[in-house]
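Chemist: These protein sequence lines are chains Y and W, in that order. Here the working numbering is used: position 125 in the first sequence is 145, and no number is missing along the way. Here the working numbering is used: position 41 in the second sequence is 112, and no number is missing along the way.
By construction, these hints were calculated from the structure, which means they are not laboratory data. Remember, it's a predicted structure, so these values are computed and weren't measured experimentally. Idealized CB from N, CA, C, for every residue including glycine.
Under 7 Å between C-beta atoms, here's a sample of chain Y residues computed to sit facing chain W:
| # | residue |
| --- | --- |
| 1 | Arg81 |
| 2 | Val124 |
| 3 | Arg127 |
| 4 | Ala129 |
| 5 | Gln131 |
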Amino acid sequence: MALNAAVITFPGSNCDRDMAVALETVTGKAPMRVWHGDADLPANLDFIALPGGFSYGDYLRAGAMAAKSPIMSAVIKAAERGVPVLGVCNGFQVLCESELLPGVLMRNANQRFVCRTVGLEIANTSSPFTNGFTKGEVIRVPVAHHDGNYFADDATLDALEAEDRVAFRYTEPCNGSQRDIAGVLSSNGRVLGMMPHPERAMENAAHPGLGGADGRRVFESVVESLVAA
Amino acid sequence: MKIQILVRLKPGVLDPQGRAVHHSLEGMGFDGVEDVRIGRLIEMDVSDDTSEETIKAMCDKLLANTVIEDYSIKRFAAETA
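Build out the structure end to end from the sequences listed, making use of the hints.
Modeler: Put into structure tokens, the structure is as follows:
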């Protein structure tokens with residue numbers, strides 16, 4: 021089954037092509053490419069991805085202006101209909117700024133850009149993005165960001181944990197995120213924001229220590245969930 | 072009409088940038104700095120009939136993220152700005 025996926029490109033997105041390649045790899049069909057200024061999404065979409073990058077140069081706050089772009093009204097409506105939405109890195113920031121997800125991504129606690137592969141503990145296994153994993157399993161996925169320090173007030177964090185909406189946690193110090201949160205789900209589990217880049221971990225390289233295919237399983241989980249539905 | 076919007080991190084929200092600046096000031100030998108917090112000043116020129124509600128909506132919807140930031144609005148009469 022070829023799924024209809026779309027990748028949204030904002031001015032300053034720079035991981036949109038990687039995201040498109042990753043989606044084509046797992047769905048067998050090139051995703052549609054949608055510009056931020058479009059008012060509508062293509063019909064019959066099965067999946068929407070907001071890619072990494074630096075939309076609007078991170079001016080004001082990372083993701084703030086992209087969250088108000090015309091296409092985001094359509095993305096919010098699609099999410100309300102239950103279309104799975106994945107936001108990676110800048111895409112996560114856009115999802116928070118658009119209030120599809122709670123909290124905000126602040127400047128890394130140590131002020132430095134972090135660019136390396138980190139361990140992620142699988143905290144949720146019930147969402148379409150994570151049901152291909154085992155709870156507590158540790159995967160390795162690259163991060164590359166300056167503003168990945170997840171913040172929400174304690175009541176929000178308690179609620180996220182009580183509702184099983186923390187998707188991934190860092191297994192090592194990364195950016196100062198509250199409770200080591202690396203990925204957050206919406207209340208219905210259909211929207212996932214994550215700072216690590218699964219689209220950069222799609223295949224094992226010949227050289228040991230390079231590459232890795234753990235990110236691919238996030239996409240495979242979604243595809244299997246959608247096909248099963 | 073000129074307006075100034077001061078956006079600041081809420082009390083209790085860690086400000087890594089402020090902390091780094093604080094550390095630098097201490098390293099330069101300035102004593103007695105208790106705390107440093109960094110905010111953002113936004114100046115706008117708006118038509119005189121712009122309502123307080125409209126300005127607040129701009130702040131709530133875009134200029135500030137009220138999860139972590141507070142804002143205050145200051146208006147200047149045209150002749151004094």
